[in-house]
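Note that the protein sequences, when read in sequence, are chains A and B. For the first sequence, this note's numbering gives the first residue as 1, with consecutive numbering after it. For the second sequence, this note's numbering gives the first residue as 188, with consecutive numbering after it.
Incorrect hints may have been included.
Said to hold, decoys possible - Below, in silico cross-link-like pairs of lysine-lysine (BS3-like), each with a Cα-Cα straight-line distance of 27 Å or less:
#1 A:Lys172 <-> B:Lys293
#2 A:Lys64 <-> A:Lys9
#3 B:Lys195 <-> B:Lys370
#4 A:Lys9 <-> A:Lys172
#5 A:Lys64 <-> B:Lys195
#6 A:Lys64 <-> B:Lys293
#7 A:Lys6 <-> A:Lys64
#8 B:Lys293 <-> B:Lys349
#9 B:Lys370 <-> B:Lys200
Simulated from the structure, these hints should not be mistaken for lab results.
Residue strings, one per chain:
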Amino acid sequence: MIERRKATKMAAELAGANPIVGSVGNATFDLYGVADRPENFYIWNSMGMASSIGLGLALARPDKRVIVLDGDGSLLMNLSSLPTETMAGVTNLVHVVWDNGGWEITGAQPAGTAFGVDLAAIARGAGYRQAVTVDTLDDFRAAFAQAMQASEAWFICARIENTGALHVRPSKTLTRLRDRFMEALAS
Amino acid sequence: MLDTSVRKAGRHKAENAPGWAHAILEAFRRENIRNLVFLPDTVMGRLLALADTDAFFRLTAVHREEEAVGILTGLYLGGQRGAMLIQNTGLGNSLNALASLGMAYKIPFPLLISLRGELGEFNPAQLVMGRAVRGCLDALRIQHFTLGREEDVEVVMHGALKTCFTAQEPLAVLLSAQMTGWKDEE
Chain A
1 MIERRKATKM AAELAGANPI VGSVGNATFD LYGVADRPEN FYIWNSMGMA
51 SSIGLGLALA RPDKRVIVLD GDGSLLMNLS SLPTETMAGV TNLVHVVWDN
101 GGWEITGAQP AGTAFGVDLA AIARGAGYRQ AVTVDTLDDF RAAFAQAMQA
151 SEAWFICARI ENTGALHVRP SKTLTRLRDR FMEALAS
Chain B
188 MLDTSVRKAG RHKAENAPGW AHAILEAFRR ENIRNLVFLP DTVMGRLLAL
238 ADTDAFFRLT AVHREEEAVG ILTGLYLGGQ RGAMLIQNTG LGNSLNALAS
288 LGMAYKIPFP LLISLRGELG EFNPAQLVMG RAVRGCLDAL RIQHFTLGRE
338 EDVEVVMHGA LKTCFTAQEP LAVLLSAQMT GWKDEE
């Protein structure tokens, strides 16, 4: 099993200047905690929307590889974003899902992923040609590094431990989060 | 994988597009709104058919309307403007994203919403959401205008889009069946 904050730090290091969208809750808190950078976009609510924001970014910026750090609960709320990503034909999206089998932040209640729901299989069914599940940090690094060099969209389901997130929080001035990210991406 | 040769507007034909569709697309063009993120209905299909033949516009379909709010946010963060084209039923599917992303982060984009459950409705299941549209928008503090006559489209669209980007917030333009027509079905 993978520690989310270690994998998050690894992803940010391998991201270079490419943008990262953090999903609501622990995905964002760990991203902010271990790898805050102007190229990160944090959402404070909007559960499920990280994948759709990533798709919009990928459409707007074909020169970047856009990374989404999603949660299993969040993706399960917006599963229709996967076939939409296929339909839009984007090749520059790296969609990572931290799969801890449920809603960790609200008390680790089990979601479908705790009962055998296979998100990589769903991604393949939705049109991803590159969709893998990884269980170790080494495998995550290998898959993510390959995804960052690829010329097609990638989906990585990383099975993580339920360890809770860092108790740090990005700014609650949301237009500041917006503006910092936009300026970083425009420069 | 995706066959990109597929016409995204389906069986509607650009040559049958009504005057209001031409005027709306010209207003979008004037404000450099290139991305039309949509879930179709038959009203919007007529506009999409016209846009689909115009290289200025990029059509991006979604499977659930809420996705469009996220996609338009990503587009705007990446430096591109877009519009959300839905039926009013889809407003109900999008409320939290509009509140917590569009309004809270101040992401400007117009919502073009065709109205069911208003004039000439034949489907009783459309009535309740139809009546709730303006109340939902008001509750979220999303400014809205209604287009009922083709001759109003140019000036209202021009003004609404300017206000939308000044406010840096989503803004809705509602397409009444008074202008777009309704089905003969009883």
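A quick look at each hint next to the structure:
no.: 1; hint: A:Lys172 <-> B:Lys293; verdict: holds (13 Å)
no.: 2; hint: A:Lys64 <-> A:Lys9; verdict: holds (19 Å)
no.: 3; hint: B:Lys195 <-> B:Lys370; verdict: holds (23 Å)
no.: 4; hint: A:Lys9 <-> A:Lys172; verdict: holds (22 Å)
no.: 5; hint: A:Lys64 <-> B:Lys195; verdict: holds (26 Å)
no.: 6; hint: A:Lys64 <-> B:Lys293; verdict: holds (24 Å)
no.: 7; hint: A:Lys6 <-> A:Lys64; verdict: holds (23 Å)
no.: 8; hint: B:Lys293 <-> B:Lys349; verdict: holds (15 Å)
no.: 9; hint: B:Lys370 <-> B:Lys200; verdict: holds (18 Å)
When each numbered hint is compared with the structure, no violation occurs for any of them.
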